[in-house]
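> In order, the protein sequence lines correspond to chains A, B, C and D.
For my numbering, add 498 to where a residue sits in the first sequence, where the first one is 1.
For my numbering, add 498 to where a residue sits in the second sequence, where the first one is 1.
For my numbering, add 498 to where a residue sits in the third sequence, where the first one is 1.
For my numbering, add 498 to where a residue sits in the fourth sequence, where the first one is 1.
Where hints are given, some of them may not hold.
[Unchecked claim] No farther apart than 30 Å at their CA atoms in a straight line, the calculated lysine-lysine pairs in the DSSO-like style are these: (1) C:Lys524 - D:Lys775; (2) C:Lys908 - B:Lys696; (3) B:Lys677 - A:Lys622; (4) A:Lys849 - C:Lys856; (5) D:Lys775 - B:Lys901; (6) D:Lys870 - D:Lys856; (7) C:Lys849 - B:Lys677; (8) B:Lys696 - A:Lys775; (9) C:Lys833 - C:Lys856; (10) C:Lys761 - C:Lys579; (11) B:Lys524 - B:Lys775; (12) C:Lys696 - A:Lys849; (13) C:Lys761 - C:Lys622; (14) D:Lys870 - B:Lys892; (15) C:Lys849 - A:Lys775; (16) A:Lys524 - A:Lys622; (17) C:Lys712 - C:Lys677; (18) A:Lys622 - A:Lys554; (19) D:Lys856 - B:Lys775; (20) D:Lys836 - D:Lys622; (21) B:Lys871 - C:Lys552; (22) D:Lys892 - A:Lys571; (23) B:Lys712 - C:Lys673; (24) A:Lys833 - B:Lys712; (25) D:Lys775 - B:Lys856; (26) A:Lys761 - B:Lys571.
[As the list claims (entries may be wrong)] Here chain D is said to cover these stretches of chain B; the calculated rule only asks that three of the stretch's residues, wherever they fall, bring their Cβ under 8 Å from a Cβ of chain D: (27) 637-646; (28) 748-758; (29) 776-787.
Hints were generated in silico from the structure; no laboratory data involved.
Backbone N, C-alpha and C fix where the C-beta goes; we use that ideal spot for every residue, glycine too.
So the chains spell out like this:
4 protein chains.
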Amino acid sequence: MIVHPIDYRYGTEQMKRIWSEDSKIKRMIRVEVALLKALARMGYVDETETEEVKKKVLGITPDRVREIENEIKHDIMALVKAITEVAGNSGRFVHFGATSNDIIDTATALQLRDSLKLLEVRIKEVIRHLVRLAEEHRNAVCLGRTHGQAALPTTYGFRFALWASEMGRHYERLKEMEKRILVGQMSGAVGTQAAFGKDGLEIEREVMRILGLKPATISSQIIPRDIYIEYVSFLAAIASTLEKIATNIRLLQRAETAELMEKFEEKQVGSSTMPHKRNPIDSEQICGIARVIRGFVEPMHQSSILWEERDLTNSSAERIILVETSVLTDHILVKMAKVLSTLRLNYENIKRNLEAQKGLNLSETVMIALTKKGIPRQEAHEILRQASLRAYEKNTSLLEALKSDERISKYFSREELESLLQPENYLGTTHERIDAVIAWLRELIDDL
Amino acid sequence: MIVHPIDYRYGTEQMKRIWSEDSKIKRMIRVEVALLKALARMGYVDETETEEVKKKVLGITPDRVREIENEIKHDIMALVKAITEVAGNSGRFVHFGATSNDIIDTATALQLRDSLKLLEVRIKEVIRHLVRLAEEHRNAVCLGRTHGQAALPTTYGFRFALWASEMGRHYERLKEMEKRILVGQMSGAVGTQAAFGKDGLEIEREVMRILGLKPATISSQIIPRDIYIEYVSFLAAIASTLEKIATNIRLLQRAETAELMEKFEEKQVGSSTMPHKRNPIDSEQICGIARVIRGFVEPMHQSSILWEERDLTNSSAERIILVETSVLTDHILVKMAKVLSTLRLNYENIKRNLEAQKGLNLSETVMIALTKKGIPRQEAHEILRQASLRAYEKNTSLLEALKSDERISKYFSREELESLLQPENYLGTTHERIDAVIAWLRELIDDL
Amino acid sequence: MIVHPIDYRYGTEQMKRIWSEDSKIKRMIRVEVALLKALARMGYVDETETEEVKKKVLGITPDRVREIENEIKHDIMALVKAITEVAGNSGRFVHFGATSNDIIDTATALQLRDSLKLLEVRIKEVIRHLVRLAEEHRNAVCLGRTHGQAALPTTYGFRFALWASEMGRHYERLKEMEKRILVGQMSGAVGTQAAFGKDGLEIEREVMRILGLKPATISSQIIPRDIYIEYVSFLAAIASTLEKIATNIRLLQRAETAELMEKFEEKQVGSSTMPHKRNPIDSEQICGIARVIRGFVEPMHQSSILWEERDLTNSSAERIILVETSVLTDHILVKMAKVLSTLRLNYENIKRNLEAQKGLNLSETVMIALTKKGIPRQEAHEILRQASLRAYEKNTSLLEALKSDERISKYFSREELESLLQPENYLGTTHERIDAVIAWLRELIDDL
Amino acid sequence: MIVHPIDYRYGTEQMKRIWSEDSKIKRMIRVEVALLKALARMGYVDETETEEVKKKVLGITPDRVREIENEIKHDIMALVKAITEVAGNSGRFVHFGATSNDIIDTATALQLRDSLKLLEVRIKEVIRHLVRLAEEHRNAVCLGRTHGQAALPTTYGFRFALWASEMGRHYERLKEMEKRILVGQMSGAVGTQAAFGKDGLEIEREVMRILGLKPATISSQIIPRDIYIEYVSFLAAIASTLEKIATNIRLLQRAETAELMEKFEEKQVGSSTMPHKRNPIDSEQICGIARVIRGFVEPMHQSSILWEERDLTNSSAERIILVETSVLTDHILVKMAKVLSTLRLNYENIKRNLEAQKGLNLSETVMIALTKKGIPRQEAHEILRQASLRAYEKNTSLLEALKSDERISKYFSREELESLLQPENYLGTTHERIDAVIAWLRELIDDL
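Chain A extracted, bound-state conformation (with noise of 0.2 Å):
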């Protein structure tokens, strides 16, 4: 009996792997193993014998882990029994000096460990797309829209540039903090690594080498929980980037707007009662799941507050956390690049829109030249209110009002007029501001 969407519905193949139930106990072996192998080259145990075991335990499958933890109602005890089980005379050393928390933390690390490197791929996939429609439609002249209402040209080349921009901050916020969360522990019962004497900083250093991994600069008997906030405010800031994407895509795709259009499918139906409509539903997914991914950061602030060398109320909480918020992540990273990749501009909506306005978007264009024709602004400001007024309520354009204002007639001729007003006119450094996101992004990113 399936329950969980994640488990029927959402997610890929590969972020699943590395958060799956079966995927946290082999990488907790692998952590076992580790410590046989720092024991090892501490001279506890005999070396040569450890690679024998290792083959051994590697070998050892999640059922017969999960088959002794329904005996013995402990996850870790029946982990170190599995182990010990095939471990022969290293089986003493099992586990040696360790706490259940320097297993599963330190995996965690490895499942983080693989995420944010899948999750680097899927950002810069979707960055690689934004980079392409921003040079491809850098010259798309289309209205600027502020409130919802008209406001003066832009291009489609800058939006895009402008979501990147966000993207390529999210890249360089997870590169900044690797450091901080890629970290594992071998700390012992309360963090004082006792029961290795002073051999303690060593062992954890071997083992965290062996794994590539650093170790905690300090934990108790749980690495501190802020790094897994960070991880997940991570998640939640992507999210809301994708959410802010997807859902000017949906407004732009609105009936009456109509400038550009989700890919839809030849075998779609997009509606069981209306043969011709083009829904954006993928944008709409992934709206609807990046709210449910922010859902967790609370949480995940509440289990960071735990009471002295650590209570159990995270666990819970993060075995479900950790798991939807990576697997949701990568899920509507992967449906953006998808969305991107296929995404259609219609240019002669795009046209349409722009030229319903009527010029009327673009008096800040009058406004400007008449201020340096020495106008005051205030004075200017007046002219253009009123020939907008004008236009509006005759229903023309804002040059035909203008060319029956006196105020303007003694300073513009018709052509420079029309030249004001076309909007190709009047896009400042547009081109400038995108080629500096596109060389930033490339600076950033090695093989963007």
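The hints should help you fit chains B, C and D onto chain A, whose structure is shown.
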């Protein structure tokens, strides 16, 4: 590959059976059948035929529906096709006049109904245990604590009764919200029931009558989501009460306090390094999961803020939210019932902790008695403040400190003082309040 | 130095007057007076004297209380001292038997009562506007939209009625929760009323009778906070409904859609660069503030999870939460009433947007009609799918595409087709549903 | 009428001065002045004149701006008007080419800069106290606790060092995010800087140079809000660390544990009914306020999800969020510094609680020693489990129970056993870890 903990670790069979993927499909089939029957009663289809169809349709397996969905990528169209396949002549009226969410939201109402029924059972079970504990430990005088510090005495019976009162209010809320939540719709594409012509309201009423639901007062393509907000907010409120109870169990079980204790099962391993530990792991789990549940409240709110007649952002989010909050809330209710059913009070430690205060926590009794003798309150307060300070500094009891104070001894004999400082003599209306709560609960709940 | 926006920008005088610092102090004084009177009726104090005291006490200024608090650093002791100063012989019974939170929580109940009363007025005002709009625009046929895409026609009256139904349920919830929320306590230090001996329950009842509240069923040093959770969750649910309405106004006011418009005041400046803009700034503000309100739900939950007979973590949090959520919710209710009271519908644009669909959104009407003629639903669907595609590709109307389809023309004349494709002929039970909502609301609310 | 607690109760003068309404206006004036100067350097205005204007403009009072705003209902136009009034000939270039949010967002960046500077000071102050406490109580051996239950010994120095490490990571995060957060914009209506023609980038760079900020890589009408999410998420993470520390202080100060204690001021009144109480009220307040701070994370996320070039939903929300989170986080950092600066450890009780375990928490030491003698780990575990059980049941010490066990006595003498069971002999690398944390912090922070 199983990923989510509610698919391998948390949740009861009963609640999962309500919210599983298969279960949703089966309920949707049931709604389609109800629609066919309603259409038959309105004369659209031959009623006798429908009975036969019903049997075949209810035999459709979720696997068949998923098979079709994989092909055509639309869940409800897949359902309709699967039904049409077996519906013979009635086939052309399958899903007639309906929109996807007529089926989805009404099926969800069926799930919510079963979910609320099960939650009601669980809530009553928790209340029963709390009432029993309140009665059993009615006279268990203990140290009251505010700010974690010693305060006047109270009783364990009082504490349990207070917790019971919160659960009682949750029961009351559940009963009140049923009328708003258990509603379905058969409202067509944008809520106008246009496909049914003027029969719409009657068909909707008939479908709901068959299913045992009420029709929504009004709905667009979907039922307004404020009712789901109410449901999830209700689950969150239960979670907070359970987290409060569990937090207090954890506090009162702490090493130095040890007034009560979760039962410890024989086969359990308390710690991999300390064989004598007794950890309140069930209460800890309740706390952790309660926080996760509450994390879904805000995504549910956002899922209600939809565009015009509906958008799809709620769909993915609700798939997760309703399932996960229902399963997890049920899980911690059951866990709490288990904790309470086997909770052990340690009367010896309760007494020890109370006596450790040496009467200092009872200064109010003497203060009140002085006031009754005519001493102004501020003055009485000052006398006791000084006596308490003396006792505290000399590490003697308040009784000793008071006996040597002339301002006291002129009013009270030694015996009177001793009696004043007996905790069980200073319980006020504790018992009346316990009784009042239990009486109220018995009135509220028939079968308590 | 003013820092918080609710102290210089947001919130109505009426709601701020309920929740201001001074107002809290005045209500606490009122509770102390009620206690004195109750003690008088129980024979503790001379009742005639109390009447005189009452006048003096109610004349105490908040400034005097703050003056003392600055000195002794305890708000309630300061209050008690301020009252004792003027209470003459009754002085020694001021605060008798009470604990700080008897005064604080009961004063809060008085604030909640006034707050709920005001909110009720606001909710009714919003409902009144929505009902009026539903009646006024009952026949305003418009394009229905799902996923932001064209759907079957509906009416503006229907939309307003649906929003009204959500507000109606909020009204219902408000009335139901009053009995749980409007409760006070006079329960003493840990809830046992020990200082009152066996008179506790009677004194508490009397105090509450005087204040017009009910006594809490049971309380420790404080009233259980599940009732504050209910209050704040209720405000959050209102916020979501208002954000939903405001979001839809913003969508429908968007440049290309422009079916309705917030009123624009003469003196307002729409934009510093574009004189002709009409921005839905009130609706935007409602959305922004709604989100802030909901952010307080989870802190309120956590404030309910207290240690034993109470801890103080809730105190600072609630000071902020109850004040800010009440003031902000009231603010957006008033703002929404303003928006609705002056909302302008643009019938011309509504018609334009509907006609722009060229009948494609009405394919269902023909499909249904075909089904009634005996064509299997899937086949009818296919015919319409093809016709729609032809119309879409040739940029003609659905009517044109259907006229040339023999499978259609053998069943319907041109006139019949035209009639089928009239939006106002395909509104189903729209009007009945509007009427049903209004009738329900009129039954629910006396003075609608 | 003052309503919000941060206007009468919480927050430091320093932080409020940064975020007050007046302060925002003054910073916006400063941005307008910087724009004038930049325009002067680009030759738009006469530079010498600007210097004179600058003095007059910086003298404008917030009251004057508010006066105009009340009239024209637009905050930035009011600002522009107030400046133009005093700017003489430069007047026509006031606000030239800018949009409202060029001024608002850049002014916010100035506030964020000051805010981060102050927070850095506060964080360092808390770290300093924790480092001092870690050094002072380096050897304070105490009972470790997991699940609130007895565990292996640790030291208070270790606990303080661990808390310091979390604060150290917050310091690291603060320094890393500065480069992303301290950015302004001069980007014009939709981000294209069109009004500046090709001078846009240079003018923007010049304005930012004057103000000591960096220009945003790209911005639309507003700076992308992912940077505010990062700021607020950072404050929330600090809040959680402080709540964790405060929670542990509250736990360790509980009546039966009483290992440490917040300082109690002479004039404070602990309780209106019990003169001897010592309540951890500052730690309780920190917990309460921390939760409120975190409640703003999600509204900040939602404020980032804006429509196209911007909508206004973020405006009201951010006005509240940025102010309130900054003031409250600063408040609890200061409060925590106060708590730590006067925190008292009770060595007597620390020893009492450790000894109360009768060595049972040290079973691991003997278990490890046995393993070193060649006993398999499971067998050693079993021996200790039995001994612990015997000790527990007979209420004797583990030492006694072990002495009579032959399986033990054949390996260890009485003296060896005694030494094994000395807590101070089983601290592992506690001191090395404390030193490592302090060394890392000293490297990280120059002036620690």
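> For every hint, state whether the structure bears it out.
Going down the list of hints, with the structure as the test:
1. C:Lys524 - D:Lys775: Given that 30 Å is the threshold and the Cα spacing comes to 28 Å, the pair holds.
2. C:Lys908 - B:Lys696: Distance of about 26 Å is within 30 Å: holds.
3. B:Lys677 - A:Lys622: violated (50 Å)
4. A:Lys849 - C:Lys856: Measuring from Cα to Cα gives roughly 21 Å; hence the hint holds.
5. D:Lys775 - B:Lys901: OK: lysine 775 (chain D) and lysine 901 (chain B) at ~21 Å, within 30 Å.
6. D:Lys870 - D:Lys856: Status holds; Cα separation ~24 Å.
7. C:Lys849 - B:Lys677: Roughly 38 Å between the alpha carbons, so the hint for lysine 849 (chain C) and lysine 677 (chain B) is violated.
8. B:Lys696 - A:Lys775: Answer holds: lysine 696 (chain B) to lysine 775 (chain A) is near 26 Å, not above 30 Å.
9. C:Lys833 - C:Lys856: Violated - the C-alpha atoms of lysine 856 (chain C) and lysine 833 (chain C) are around 37 Å apart, more than 30 Å.
10. C:Lys761 - C:Lys579: violated (53 Å)
11. B:Lys524 - B:Lys775: Not OK: lysine 524 (chain B) and lysine 775 (chain B) at ~47 Å, beyond 30 Å, violated.
12. C:Lys696 - A:Lys849: violated (83 Å)
13. C:Lys761 - C:Lys622: With a Cα-Cα distance of about 21 Å, the restraint between lysine 761 (chain C) and lysine 622 (chain C) holds, given a limit of 30 Å.
14. D:Lys870 - B:Lys892: violated (49 Å)
15. C:Lys849 - A:Lys775: This hinted pair holds, its Cα atoms lying about 20 Å apart.
16. A:Lys524 - A:Lys622: Distance of about 29 Å is within 30 Å: holds.
17. C:Lys712 - C:Lys677: holds (8 Å)
18. A:Lys622 - A:Lys554: violated (39 Å)
19. D:Lys856 - B:Lys775: holds (13 Å)
20. D:Lys836 - D:Lys622: Measuring from Cα to Cα gives roughly 13 Å; hence the hint holds.
21. B:Lys871 - C:Lys552: Given that 30 Å is the threshold and the Cα spacing comes to 25 Å, the pair holds.
22. D:Lys892 - A:Lys571: holds (28 Å)
23. B:Lys712 - C:Lys673: Since the Cα atoms of lysine 712 (chain B) and lysine 673 (chain C) sit roughly 21 Å apart, the hinted pair holds (cutoff 30 Å).
24. A:Lys833 - B:Lys712: This hinted pair is violated, its Cα atoms lying about 38 Å apart.
25. D:Lys775 - B:Lys856: holds (13 Å)
26. A:Lys761 - B:Lys571: holds (14 Å)
27. 637-646: Coverage by chain D holds for the stretch 637-646 of chain B (5 residues, Cβ < 8 Å).
28. 748-758: Since three or more residues must qualify, the claim that chain D covers the stretch 748-758 of chain B holds, with 7 doing so at under 8 Å.
29. 776-787: With 5 residues in contact (Cβ-Cβ under 8 Å with chain D), the coverage given for the stretch 776-787 of chain B holds.
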